Structures are given as structure tokens and as C-alpha cells.
Amino acid sequence: MSSELENKLAEEIKSQFPNAEVKVQRKFRISLSIDKESIIEIARYLREIGFDQAVSVSGVDKIKENMFIVVYHIWSTSKKVLASLKTQVPRDNPNLPSLVKIFESVNWHEKETHEMFGINFEGHPDLGRLLLPEGWEGKFPLRKDFVK
Amino acid sequence: MATLHVSFGPQHPGSGPMRLILDLDGDIVVKAVPDIGYVHRNIEKIAEKRSHIVNVPVLERISNIDSFNASLGYIMAVEELMNITPPPRAQFIRVIMSELNRIMSHLYGLAISFESSGLLAPLYWGIADRELFLDLAEMVTGSRITYTYAMLGGVREDLPNGFKDQAIKTFNYFEKRLDEYYDMIFGNKTYQMRLKGVGVLKHDDAIKLGVTGPTLRGSGVNVDVRVDEPYAAYEQIDFKIITEETGDSFARAMVRFNEIRESMSIIRKALDKLPEGPFRERAPFRTPEGEAYSRIESGRGEIGYYVVSDGTDKPYRVKISAPSFRNISALPHMMKGAHMADVPIIIFSTDPWPFDSDR
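Just so you know, the sequences run in chain order A and B. Each residue of the first sequence is one higher than the one before, counting from 5 in this note's numbering. Each residue of the second sequence is one higher than the one before, counting from 12 in this note's numbering.
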């Protein structure tokens, strides 16, 4: 399957954000990696060019590299392309800006990622409990060094 | 005026195993805050400890009412990592099972939503008619609810002899029966009055709040993963995306109702086109290092599986973007200004399944 549209989008994003690593994975999928300082800017740009629905936020614990990777999956209902927007934060200082002001739907996804990984989304309206029981303190179940 | 604080659920028959914290002014909802997590099992962590094959029966339990669709998403992500493509016959069988599951899921969801609007007899119509489709699933897989039928490289078993005849017999009956559903329920003035204009979600809000599936299509957004990003054999089958414009509870029920008919027509077409050949190909145990994001359209909407592999036979990370999680998070928006008595109607108009929102 050809991925003309995906290549064109990747070129466009690359010209706007030379510091981002942009890849076309296959048809319907493009992947962007960027440092956390530019994430707000690139998210805003993505929304402007038609990526209107954020569908998922995932944390990945890269314990060997001492990093958390945070992946936003943002879909375009008009272009039918899914972009994965990746950034990384150090495990001992897991802070990054929240995208909730740009994509309202990441609200619960970020809350869950905070609860499971202890990643702080600065500017998120409410990072309280979502899935874990009340009174659960301090331990983050999806971290690789979690021991019950 | 002081607002009244009401904890709606998790024991309320109209809430499912989740809770809504409602602020009421008189009987008007000022604010609704969903509280989920009552059936949280951390399936994402469980999946990290198990091999890909063992993960199938685990992951289908995020949505046991729609189990084939739930496991298919994971299978597709792992197949993408392994770079294998199932044979054509398997792709068609996947479409058939996927649509059977959609019918079961919609019937169950609609049945409960009828009850929430005061129609008690149609609740049992939906539940009883769903049995016919469970029979079909049992004929194919040996089980009625959770089948572990999707396998890496194809499906577990071939379709049995006589399945086509039995399926067509069921559909012939049920297509007529759907007309009765329409007359008795959707054409019923009382039902319309309870649902129309209740829990409205406008086109742009639906996209912004991230809802999916029939809830999104009920707001006039013309999206469906089966068409936008065809998987299995959906590209080779002609069907239309069902949408409604009004974005209220009635529109969402109508989308589900019409999708049942469309699903039966998809299965008929798939059975006619069903190619001969193997139903499964060999799949390796290990996945190479990498990541994949697969999307499938389940009864409640899109399920996204983000699978990261580190080169072993187990996934390094599985993230499930579940449809009910996304739809429930939009409930506060739909409930603002609604009557307390309409709260169950709005909840069930999105067909929530707390097991997949909590995982």
C-alpha cells in the first residue's frame, strides 16, 4: 500500500520542526519523537493541520536507560492518519507539560499514566486517583521495578 | 440554592460496577464526576508477564461480552510485529466472528438501555434473541462468551459444516424480528420522548472529548475503523457506516440498532465470498524488537493496542486504549443539565462496559 499522504505529512512536520525525528512507519501511521520542551508547540501544530482526536497516552518504563517514554497517539478524523508523538523524561525527574489544554480527551489518559508510572503532567487539572483504590500510596504498578 | 451530593452506584442497578458522583439542584444535574476502578485488575501488567499466546484469553476479558474483538486487536498488533499475514480464509472468518460479536454486544447493550428507559419486556427480547447468536458462536468455537478463537496467524479452528445454513436461518428470523423491535420500541412515542434530546453530544464536542464507536457516529461523525483503516477482510466487503445526526441518546440507540442489520448483511456477504484454503499459518514464538499500534472497531468503538516488544516471547508493554474508558470520560459533558431520572438513560446510551474501562 502506498503512503503518499503520510509522506507528505511527515515532510510538512519536518520542515516546521527540524529538531523532531519524523518517520513513516507504514500506511496510516507516522511517528514523531521530540524533546519535552517542544511538545506543546508540536501538539498545537498537529491539531491545526487536522489531527483532532487524541486516542491514547501510554507510558513505557525503559528502566535500563533510566527513562520513561510517554507516547501520545493522535488521530485525524479527516485525514485518517494516526500520529504517535513521543517524548522522554528521566526516571528520577519525571515531569513534562500536560497536553490537556490542546486535546481535552487526554485528561483521563494522563491521569492514568500518572497513577501507574508516577509521571507528572504539569498543568493537568486533576491528577488524583482514577483506577487504583483509595489510600493507595507511593507505588506505581506499571513501573518495571514494582514489587507488590 | 444548596446542591445535593448523591453517590450514584456502584451498587445501583443502573450504574454497573462504577460510580457517578452527582451534584443536584432539585432534580437537575449540575455536575457529574464518574468514579471508575471498581473492577480494575491491571491487565496491562498481567500481560507483561505472559507470552503472546497465553495473553489471548487474558486480554479478551477486558470485554468479555465482545471477546473476539477484544483479543483480535492484540493479535493484530503482534502479527504486525512478527510481520506475518493470516491466510485469506482466516481473514474472512475473522470478519464473521467480529460481526457476530458486534451483534451480541449491541443486543445486550440495547436490551439494558431499554430497561433503563422503562421498557421491561424488550429487555428480555434482547437477552433472549442474543442467545441465537451465542448458539452460532458455540457452533464455531465451542464456547458461548469467551472463545480464545483468534490466534496468531489466523483463527483456532475452521468454520464447522452447516454453519452457513444455520447462520442464514438465524438471520432470516432475526431480520424480521428487528422490524418488530422497531415497531415496539423505536417507533414507540414513549420511548422517543424519554430519549430524544437527552444527553446531547454535538459533532465537534464528540471529537474533542475523544468518544468513539456508536457514541461518536451518533453525533454525525462519519468514522469507523473498519472503513478508515480496513483490517481482516473488510476491504473486500461492501457496507456502509451508520450515522445519525442529532447526537442524543435516541441517535446512539438508533446507530446500534441499524448496525445489527448491517452486521448481518456483512456476514452474509463474507459467507458468500469465503475463500477456500488454510485457516491459520504458523506463527513464531518471539517478536522482534519494535512497536505496533493496532486498531479495531469493537461493539463499543475503537480498541487500540499499543504493543512494545523487546525481542522476547512476552510483550514489554501493552497499553489498551479502551472504548468505554473514552466514552465514560465524556459522560459529565452529556449529563450537565439533565434530569436525575435521565441519568441511567444517558449512561446506557453510551453502552459502557466498566470491565474495559478499568481493565
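No lab work stands behind these hints: they were computed from the structure. Keep in mind that the hints are not guaranteed to be accurate.
The calculated lysine-lysine pairs, modelled on DSS-like cross-linking and capped at a C-alpha distance of 25 Å, are [stated by the list, open to error]:
hint : chain 1 : residue 1 : chain 2 : residue 2
1    : B       : K187      : A       : K66
2    : A       : K83       : B       : K219
3    : B       : K251      : A       : K68
4    : B       : K200      : B       : K187
5    : A       : K90       : B       : K200
6    : A       : K66       : A       : K12
7    : A       : K90       : B       : K325
8    : A       : K105      : B       : K251
9    : B       : K251      : B       : K42
10   : B       : K280      : A       : K66
11   : B       : K251      : A       : K148
12   : A       : K83       : B       : K251
13   : B       : K42       : A       : K40
14   : B       : K200      : A       : K68
15   : A       : K84       : B       : K219
Since the model is a prediction, treat every value here as computed from it, not as a measurement.
The hints, checked one at a time:
1. The straight-line distance between the Cα atoms of B/K187 and A/K66 is roughly 56 Å, outside the 25 Å bound, and the hint therefore fails.
2. A hinted pair counts as satisfied when its Cα atoms are at most 25 Å apart, and A/K83 with B/K219 qualifies at roughly 16 Å.
3. Using a Cα cut-off of 25 Å, the hinted pair B/K251 and A/K68 is violated, with the two alpha carbons roughly 48 Å apart.
4. Straight-line distance between C-alpha atoms of B/K200 and B/K187 comes to about 21 Å, which keeps the hinted pair within the 25 Å bound.
5. Straight-line distance between C-alpha atoms of A/K90 and B/K200 comes to about 51 Å, which puts the hinted pair past the 25 Å bound.
6. A distance of roughly 31 Å separates the Cα atoms of A/K66 and A/K12; the hinted pair therefore is violated under the 25 Å criterion.
7. Restraint check for A/K90 and B/K325: satisfied, since their Cα atoms lie roughly 23 Å apart, inside the 25 Å limit.
8. Between A/K105 and B/K251 the CA atoms are separated by roughly 35 Å; this puts the pair beyond 25 Å, and the hint is violated.
9. Proposed proximity of B/K251 and B/K42 is contradicted: the alpha carbons are some 37 Å apart, above 25 Å.
10. Between the alpha carbons of B/K280 and A/K66 the distance comes to roughly 46 Å, so the proposed pair goes past 25 Å and is violated.
11. For the hint linking B/K251 to A/K148, the alpha-carbon distance of about 44 Å lies beyond 25 Å, and the restraint is violated.
12. Of the supplied pair hints, the one linking A/K83 and B/K251 holds, its CA atoms being roughly 19 Å apart against a limit of 25 Å.
13. Of the pairs offered as hints, the one joining B/K42 and A/K40 is violated, with about 34 Å between alpha carbons and a cut-off of 25 Å exceeded.
14. Restraint check for B/K200 and A/K68: not satisfied, since their Cα atoms lie roughly 63 Å apart, outside the 25 Å limit.
15. The straight-line distance between the Cα atoms of A/K84 and B/K219 is roughly 16 Å, inside the 25 Å bound, and the hint therefore holds.
In summary, the structure is inconsistent with hints 1, 3, 5, 6, 8, 9, 10, 11, 13, 14 from the numbered list given earlier, while agreeing with the others.
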